[in-house]
Amino acid sequence: MAIEVRIPTILRTYTDGAKQVEGSGSTLDELFTDLEQRHGGLRDRLVDNGGGLRRFVNVYLNDEDVRFLSGLDTPLKDGDTVTVLPAVAGGSL
Amino acid sequence: MLTIPRALYDKIVAHARADHPDEACGVLAGPAGSDRPERFIAMMNAELSPTFYRFDSAEQFRVWREMDDHDEEPVVIYHSHTATEAYPSRTDISYASEPGAHYVLVSTRDEDATEFRSYRIADGVVTEEPVTVVE
Chain A
447 MAIEVRIPTI LRTYTDGAKQ VEGSGSTLDE LFTDLEQRHG GLRDRLVDNG
497 GGLRRFVNVY LNDEDVRFLS GLDTPLKDGD TVTVLPAVAG GSL
Chain B
49 MLTIPRALYD KIVAHARADH PDEACGVLAG PAGSDRPERF IAMMNAELSP
99 TFYRFDSAEQ FRVWREMDDH DEEPVVIYHS HTATEAYPSR TDISYASEPG
149 AHYVLVSTRD EDATEFRSYR IADGVVTEEP VTVVE
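Same order as they appear, the protein sequences are chains A and B.
So the first sequence is numbered by the numbering used here: it starts at 447 and just counts up by one.
So the second sequence is numbered by the numbering used here: it starts at 49 and just counts up by one.
Only chain A is shown next, with the shape it has when bound in the complex (with noise of 0.2 Å):
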């Protein structure tokens, strides 16, 4: 099983510079343990210490913000694409 996942230019530390990886897992939890396993330090970008997805990073499964599927339960098949994006995000505070 292959899925492809896209990585943002900040993260590429974690990847030795590639901007896309494979991975497998039948959900994007389990893809992330997956993906850490070669690419150690990766999870904690993406998941924090609860468990659950960092706030202020995107991540699509498809073209779809998994925030709006089941998060890090969304189920993955063969094929699928997801890709991280860190939110572009600030303030006046």
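Hint data in this document are derived by calculation from the structure and do not stem from the laboratory.
As the structure is a computational prediction, the values presented were derived from the model and not from experiment.
Don't be surprised by glycine CBs; every beta carbon is placed ideally from N, CA and C.
Incorrect hints may have been included.
[To be verified] Okay, the calculated beta carbon distance ranges per label pair:
# : chain 1 : residue 1 : chain 2 : residue 2 : range
1 : B       : ALA80     : A       : GLU450    : 14 to 22 Å
2 : A       : ASP509    : B       : ALA55     : 29 to 37 Å
3 : B       : LEU96     : A       : PRO454    : 23 to 31 Å
4 : B       : THR175    : A       : PRO521    : 16 to 24 Å
5 : B       : ASP83     : A       : PRO521    : 38 to 46 Å
Place chain B on chain A using the hints.
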């Protein structure tokens, strides 16, 4: 140093003025690796707030995918401060996630004068840079 065409500078200022007192935000896309801002993309502020901004996640996906398809990157990420100075705040610094981008800050706190400044933000360090507007 940020080199920016007058037309794009004016569009950013107009967007900030139009959205005041909410913070305005957006991107200038340019060919990857060129450091040339060429295409103005106003983004929705999903927070609709006078003190915070966040790109809508679905819109960000579409825009980022489109840039990728055209071999472009976000050369400038801009947003406005509506009551404070045009300097990156603590949240601006902690959420800066595009290390190669110029972060442009516009302040609309003064009705008659707009402040427009540019910065590099990487690894939590802010460095102001000069802005050259090209006619």
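For a quick check of understanding: which of the numbered hints are violated here, in increasing order?
4
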